[in-house]
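S.K.: For the record, in the sequence shown the residue sitting at position 50 is 50 according to UniProt numbering, with numbers rising by one throughout.
Rather than coming from a laboratory, the hints here were simulated on the basis of the structure.
It cannot be assumed that every hint is accurate.
Simulated restraints, written as ranges between beta carbons of each label pair [as the list claims (entries may be wrong)]:
| hint | residue 1 | residue 2 | range |
| --- | --- | --- | --- |
| 1 | Gln39 | Val74 | 44 to 54 Å |
| 2 | Val74 | Lys103 | 18 to 28 Å |
| 3 | Pro32 | Gln10 | 18 to 28 Å |
| 4 | Pro91 | Ala61 | 50 to 60 Å |
| 5 | Trp76 | Ala163 | 15 to 25 Å |
| 6 | Ile73 | Asn99 | 49 to 59 Å |
| 7 | Ala13 | Thr58 | 20 to 30 Å |
| 8 | Arg30 | Ser95 | 56 to 66 Å |
Just so you know, these numbers come straight off a predicted model, no measurement behind them.
Backbone N, C-alpha and C fix where the C-beta goes; we use that ideal spot for every residue, glycine too.
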Amino acid sequence: MSRPPLNPDQTAAGIAVDPHTLERVIPESRRPDGTIRQQKKIRPGFTPQEDVRRFRGTKQAQMDANVLPKGHIVGWAPPPSTSNSGAGDKPLSKSAKKNAKRKEKREEKKSEIIKDSWEDDDEGETPVKETATKTSATTSSASDSPGEAAPSMTTTESTSTDALASELEKLEVK
């Protein structure tokens, strides 16, 4: 069995439900001089004047629930707030410029991923990722001999740019 709450919920008059007997009581309290007031039982059905609510009919209660905030103008909506509206007034700080560049790079990466999935749908074509892995394999094999690393990288770069150019021609909309 759970323990009763230390401070049971009280009404405006101080009436609470005794957790042991489940009767309505005014709990004992301490006077300013240090003595203790005894707990008082409340007759069943008795409601003190402090706890009586003001009568509100159903229509009045519904109107109170739907009331607009103070100062609200009917039909007026606040203008939409955009975070970029203040950006045009002030020049960007260094960190803001860096963050903008990072965001652009993330957007480019997302668009590249989408393009790769488009290319997978085409028949007989190799996706850009596969060509990139092939070129990285050729550069890693060429890097074994230090004297030939620079010339082989330029040839792979030129072949990869040619491959990308041919892929872009295939993607053009007619």
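S.K.: Go ahead and decide if the range 49 to 59 Å is satisfied by the Cβ distance of Ile73 to Asn99.
M.R.: Violated, at about 38 Å.
S.K.: Do Val74 and Lys103 keep their Cβ atoms within the hinted range of 18 to 28 Å?
M.R.: 41 Å, violated
S.K.: Is it true that the C-beta distance of Pro91 to Ala61 lies inside 50 to 60 Å, as the hint says?
M.R.: At roughly 56 Å between Cβ atoms, Ala61 and Pro91 fall inside 50 to 60 Å, so the hint holds.
S.K.: Is it true that Arg30 and Ser95 lie within 56 to 66 Å of each other by Cβ?
M.R.: Given a distance of about 59 Å, which is inside 56 to 66 Å, the answer is holds.
S.K.: Evaluate the given range 44 to 54 Å for the C-beta pair formed by Gln39 and Val74.
M.R.: 53 Å, holds
S.K.: Looking only at beta-carbon atoms, does the pair Pro32, Gln10 fall within the given range of 18 to 28 Å?
M.R.: Check passed, 20 Å falls within 18 to 28 Å.
S.K.: Could you tell me whether the CB distance from Ala13 to Thr58 stays inside 20 to 30 Å?
M.R.: Since the Cβ atoms of Ala13 and Thr58 sit about 27 Å apart, the hinted range of 20 to 30 Å holds.
S.K.: Starting from the range 15 to 25 Å, see whether the pair Trp76 and Ala163 falls in it by beta-carbon distance.
M.R.: 59 Å, violated
Hint compliance for this structure: hints 2, 5 and 6 are broken, all remaining hints hold.
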